[in-house]
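What follows is the residue order along each chain.
Number of protein chains: 4
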Amino acid sequence: MKTVALFGAGRIGRIHAGNLAALPGVQLKYVCDPMGTAAADLARQHGAQASDIEAAFADPTVDVVAIASSTDTHSDLITRAARAGKHIFCEKPVDLSVPRAQACADAVKAAGVACMIGFQRRFDPTFNEARSRMDRGEIGNPEMLVVTSRDPGAPPAEYLKASGGIFRDMLIHDFDIFRWILCADGDEADTLHATGSCLIDPAIALIGDIDCAAVTIRTKKGRLAQINTSRRAAYGYDQRFEVLGSTGMLQCGNLRPSEVVQSDAKGVRADTPENFFLQRYREAYRLEITHFFENLQSGAAFRTSISDGVAAQKLADAAAQSLQSGQVVKLG
Amino acid sequence: MKTVALFGAGRIGRIHAGNLAALPGVQLKYVCDPMGTAAADLARQHGAQASDIEAAFADPTVDVVAIASSTDTHSDLITRAARAGKHIFCEKPVDLSVPRAQACADAVKAAGVACMIGFQRRFDPTFNEARSRMDRGEIGNPEMLVVTSRDPGAPPAEYLKASGGIFRDMLIHDFDIFRWILCADGDEADTLHATGSCLIDPAIALIGDIDCAAVTIRTKKGRLAQINTSRRAAYGYDQRFEVLGSTGMLQCGNLRPSEVVQSDAKGVRADTPENFFLQRYREAYRLEITHFFENLQSGAAFRTSISDGVAAQKLADAAAQSLQSGQVVKLG
Amino acid sequence: MKTVALFGAGRIGRIHAGNLAALPGVQLKYVCDPMGTAAADLARQHGAQASDIEAAFADPTVDVVAIASSTDTHSDLITRAARAGKHIFCEKPVDLSVPRAQACADAVKAAGVACMIGFQRRFDPTFNEARSRMDRGEIGNPEMLVVTSRDPGAPPAEYLKASGGIFRDMLIHDFDIFRWILCADGDEADTLHATGSCLIDPAIALIGDIDCAAVTIRTKKGRLAQINTSRRAAYGYDQRFEVLGSTGMLQCGNLRPSEVVQSDAKGVRADTPENFFLQRYREAYRLEITHFFENLQSGAAFRTSISDGVAAQKLADAAAQSLQSGQVVKLG
Amino acid sequence: MKTVALFGAGRIGRIHAGNLAALPGVQLKYVCDPMGTAAADLARQHGAQASDIEAAFADPTVDVVAIASSTDTHSDLITRAARAGKHIFCEKPVDLSVPRAQACADAVKAAGVACMIGFQRRFDPTFNEARSRMDRGEIGNPEMLVVTSRDPGAPPAEYLKASGGIFRDMLIHDFDIFRWILCADGDEADTLHATGSCLIDPAIALIGDIDCAAVTIRTKKGRLAQINTSRRAAYGYDQRFEVLGSTGMLQCGNLRPSEVVQSDAKGVRADTPENFFLQRYREAYRLEITHFFENLQSGAAFRTSISDGVAAQKLADAAAQSLQSGQVVKLG
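Residue numbers (this note's numbering), protein chains in the order written: chain D, 1 to 332; chain F, 1 to 332; chain Y, 1 to 332; chain R, 1 to 332.
Read the hints as simulated data drawn from the structure, not as lab findings. Incorrect hints may have been included.
It does not matter which identical chain is used: a pair holds within one copy or between any two.
[Unchecked claim] Pairs of lysine to aspartate or glutamate, EDC-like flavour, derived with a Cα cap of 16 Å: (1) Lys314 / Glu188; (2) Lys266 / Glu138; (3) Lys314 / Asp190; (4) Lys221 / Asp201; (5) Lys330 / Asp317; (6) Lys29 / Asp41; (7) Lys266 / Glu129; (8) Lys330 / Asp187; (9) Lys2 / Asp59; (10) Lys92 / Asp72; (11) Lys314 / Asp169; (12) Lys221 / Glu188.
Sequences and hints are given; from them, build the entire structure.
Here it is as structure tokens:
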């Protein structure tokens with residue numbers, strides 16, 4: 001039996017709480033959140049107790065902390081958890097600053113605790129099936145990757161102020177997909193070019209951010225990746241990628257709420273994609289946390305380590321730098 | 001809080017147990033099964049206790065019995081549950097005999113208990129979305145229905161001996177779909193023609209059954225339905241229907257394990273459908289049992305009443321009669 | 001060089017004229033039509049001359065007559081062409097009466113001329129590809145066929161008066177598809193059941209016809225076919241079939257004017273099917289007439305012989321009889 | 001009646017000859033090709049005569065020259081045709097050198113003749129439908145474009161030596177698509193970044209070329225375009241684009257030889273795309289030449305002017321420059 005303290009009772013914390021509660025061999029003991037009532041509600045729902053962070057860290061029966069609190073708390077909580085000898089599941093990103101993220105990785109390593117970062121897309125059944133087929137050699141050597149990653153609508157500029165910018169906030173997932181899909185053999189990014197615009201909401205430009213972006217990465221082995229992103233897709237949450245290999249191509253499409261196709265004078269119409277990440281990645285979140293506890297048990301490496309978190313952050317930094325300079329960035 | 005006794009710890013009983021255990025406001029108290037160890041295992045897994053049927057019926061705290069035992073026990077259990085004043089959720093079919101099924105309906109009515117029959121396909125998100133669009137008038141007046149219902153493979157003939165034949169065992173679901181989709185305004189079957197063959201396994205012919213069937217129903221309002229069924233589809237579990245209305249058509253397709261499309265020299269290949277009913281209708285089973293308790297609470301009518309169960313059984317009888325006589329059967 | 005007289009300068013005659021004119025080794029010499037100006041216009045357009053039928057038959061340089069005139073003229077023209085020793089390409093149907101159709105077949109045989117009936121669907125690249133894969137054994141033994149055949153809208157009842165009824169006018173093509181796809185190994189229809197309704201236009205009922213039909217055929221080998229037909233599909237001309245075999249299924253879909261998919265808040269929308277038979281079967285018409293002249297040259301059997309025309313007519317008769325009697329019809 | 005001299009009797013010349021011959025009001029008079037027998041064969045096939053270029057230019061009855069000869073002859077033929085007062089249809093590209101292409105445009109302007117460049121993709125029914133919907137405002141303001149353009153296989157390096165490199169040889173079409181789709185309101189490219197690799201055939205690297213490329217263009221209005229290209233797609237000729245606008249998205253897919261979908265234990269399999277540009281763009285070539293003569297007649301502007309040819313060439317130059325320097329290129 002693994003005993004867990006969950007930090008964060010917001011949107012994503014609630015997802016994890018539900019999944020934790022359903023896992024055999026896992027006991028959700030504490031829920032901690034600055035919003036005391038949120039923590040209390042969520043704790044009650046799953047037979048846990050609300051707590052403050054200190055108490056959770058101090059409880060020697062707690063084996064694991066699951067960090068789903070706001071981004072700016074991640075590095076502090078990881079470091080404290082590592083020092084307290086707790087194993088760590090932490091939502092992406094590790095930290096918006098690469099040095100701080102690296103410091104977290106160092107702390108984890110020094111403490112010898114297990115740490116997995118929640119890049120849930122690697123657990124999406126469709127995306128994961130693509131990777132599995134690549135591992136079986138079904139498309140030969142991967143050569144090109146095209147990632148489409150679009151939100152259904154832009155949040156208020158106010159909300160984006162603390163986001164770290166589109167590359168650290170939104171494309172961090174896509175940088176991780178790039179590494180997972182195109183660099184499975186140890187390849188890494190060699191050069192990166194990013195450009196973008198503010199086409200949707202001028203208020204986003206006023207806070208120094210963009211709402212559409214186009215990134216190109218060339219790897220050391222010469223593979224090519226292109227990522228296109230927009231904060232707004234009128235038809236919903238659009239999450240696809242396709243990878244071209246020497247003997248074939250894999251395309252990962254969206255999920256739909258239903259498989260109804262309606263034909264009338266206006267056309268032949270299928271559903272728009274699942275509306276947002278909570279729906280689209282519902283199963284991915286469940287599989288991710290299951291994987292964490294299975295591999296914690298078996299000692300096998302996590303699919304998404306803290307060094308993956310640091311590496312994605314470096315690509316986000318490079319993209320921000322390329323956007324600002326208007327030039328290509330050479331990576332490590 | 002509703003307290004439940006579950007009869008049946010087999011494949012379908014386990015599905016219901018898991019869904020019952022996850023429902024707020026519902027307590028699974030007993031699991032009953034002639035296979036004592038199966039009952040004990042399942043009970044333990046969900047914090048219930050194994051019991052015999054008599055004890056469950058005798059316990060005044062039991063509000064609901066959920067019947068997922070073998071078909072030949074349904075009518076007896078329904079009747080006893082009705083007499084004991086328990087509300088009833090019962091897997092399809094009510095009974096393979098129409099008179100016995102009708103007697104169950106009468107007993108339920110006399111006892112004034114609530115009773116829902118588990119035609120889970122009405123809760124499949126895709127099928128239900130189609131019906132919802134029809135209710136909103138999106139295809140006008142429904143005129144024709146084509147149902148494709150194919151299993152991935154034929155079970156052993158031995159297993160089919162007690163099944164009641166393909167119409168009562170397999171097409172019972174499709175007869176219910178026909179009534180739900182094409183008769184929502186109170187229309188009913190007027191004539192029925194069924195034919196079929198044994199093309200897959202000669203042993204099935206030896207027990208007097210067929211493994212492929214084609215049924216046509218014409219309603220009192222002149223609507224037309226065709227059902228095609230096979231015990232074997234080499235590509236998996238194939239569950240689709242399309243309904244043509246005066247202003248459009250709705251097609252309900254299969255679900256797939258993933259949305260990966262693989263292109264290579266051999267073609268552009270998508271996944272085969274979800275493999276079997278447990279996968280395909282997993283969400284339907286969850287929604288069905290949720291609906292039962294919600295409507296039990298609110299007093300609203302169930303989507304699938306015991307009279308729906310009797311009506312589907314009558315169509316299955318008519319199909320068997322048509323197959324035997326080689327002629328068209330006129331319904332009530 | 002083959003010299004051709006074309007009978008009929010209407011919609012379908014103009015299609016054949018264009019295809020004939022483009023064929024190497026073929027000279028369109030005469031166009032004959034009771035509407036003299038239609039014949040003259042079409043002849044001029046393709047460097048031919050308008051003529052009366054007698055002159056065309058009398059011209060010894062004419063090798064081939066292509067019959068695309070109204071249905072009620074077919075049997076007379078076939079018989080006369082046979083007697084005149086001309087090879088014959090004739091639009092479907094041979095004749096609405098089976099005995100007259102059979103008499104045509106006898107006349108053709110007695111004269112020793114070549115005769116092909118224009119069931120153009122056998123030349124549709126999609127349908128033909130399905131048949132080719134069946135011939136290569138790609139789905140094993142064919143077991144079930146589902147044909148969907150729907151017009152975009154019902155013609156005026158007045159127009160349908162002389163059509164011979166929906167089975168002879170519209171389903172004649174589908175009966176031919178049934179024979180071509182499910183009876184390629186010499187199997188034949190054993191029993192047939194047809195039902196139908198008038199749901200679209202009450203005027204059609206007044207002339208004794210129906211506008212929706214459902215036909216089921218069981219073959220001597222026990223294969224099952226279902227055909228569903230409507231005079232009206234709000235989304236266009238819908239021509240599909242699917243055939244289930246012991247090791248797989250083939251589905252033949254519609255063509256679309258473009259491969260654009262539009263995604264917006266309303267859905268993900270593809271084009272409706274090609275609008276009508278002239279568009280959908282444009283390529284089929286071209287390939288059909290090419291096949292006729294190629295096989296005429298080589299002496300190979302036509303893909304669609306006059307006996308195929310007679311056989312389809314017999315099925316249409318059986319369907320009309322089943323509809324009228326309300327019972328199953330036993331074939332030859 | 002317009003009289004035409006066709007220069008070039010190769011693969012693409014034969015396409016144009018067939019289409020010219022079928023156009024009403026157009027007479028193909030001469031076919032000119034250094035391979036005399038090719039010219040003679042093609043001329044004979046369409047009732048034209050083989051000729052040398054000088055004779056064609058000297059014939060005052062020739063209204064139009066259609067240039068389908070090798071790329072290195074285009075600029076000379078355009079210039080001579082302009083001087084001779086002939087209208088010009090010329091295959092892309094105008095010339096591999098931007099200054100020479102510009103000189104052609106100047107010569108055409110000075111002579112006052114009509115000149116259209118054969119970017120046939122603008123006439124592809126699918127691509128053109130997308131543009132038409134954009135013109136009708138169906139996706140609002142266009143913001144992002146993703147172009148996928150892949151050949152089925154790389155030609156021998158030897159053949160590519162004179163091609164001008166992948167950007168001038170292959171992406172020239174995609175640069176034109178970019179301008180046509182994303183710059184319809186007069187927007188133009190502002191910055192361009194190109195990268196690429198030689199991943200398929202090392203011999204291509206030896207001649208200083210690449211076989212995979214990734215290009216990003218940002219327009220003056222901030223729109224973003226990404227083009228991904230490979231000389232090899234194992235599944236065939238892959239020609240797609242998708243454009244995201246403020247209110248929706250349009251995706252243009254591939255065509256298939258048939259609409260058969262085959263389901264078996266291995267998956268649900270559709271056809272690979274039409275095999276190569278001659279098949280995929282067969283209808284586009286026909287519509288393009290029809291457009292040329294219609295607009296020549298009416299005096300309306302061509303959809304693809306010589307200035308479009310020059311503009312695409314400039315983008316190809318910028319891409320080559322970006323690849324070489326590894327940096328972003330600022331356009332005019």
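Consistency of the hints with the structure:
1. Lys314 / Glu188: Intra 12 Å, inter 33 Å, cutoff 16 Å: intra-copy only.
2. Lys266 / Glu138: Between copies only: 12 Å across chains, 39 Å inside a chain, cut-off 16 Å.
3. Lys314 / Asp190: The answer is within: 12 Å in one copy meets 16 Å, while 28 Å across copies does not.
4. Lys221 / Asp201: Close across copies (14 Å), not inside one copy (38 Å); limit 16 Å.
5. Lys330 / Asp317: within (12 Å within a copy, 23 Å between copies)
6. Lys29 / Asp41: within (14 Å within a copy, 26 Å between copies)
7. Lys266 / Glu129: For lysine 266 and glutamate 129, the Cα distance is within 16 Å only across copies (15 Å; inside one copy 35 Å).
8. Lys330 / Asp187: Classified as within: same-chain Cα gap 15 Å, cross-chain 31 Å, threshold 16 Å.
9. Lys2 / Asp59: The answer is within: 13 Å in one copy meets 16 Å, while 36 Å across copies does not.
10. Lys92 / Asp72: Within one copy only: 11 Å inside a chain, 54 Å across chains, cut-off 16 Å.
11. Lys314 / Asp169: This pair counts as within: shortest intra-copy Cα distance 13 Å, inter-copy 36 Å.
12. Lys221 / Glu188: For lysine 221 and glutamate 188, only the intra-copy Cα distance (8 Å) is at most 16 Å; the inter-copy one is 33 Å.
Checked against the numbered hints given earlier, the structure satisfies every one of them.
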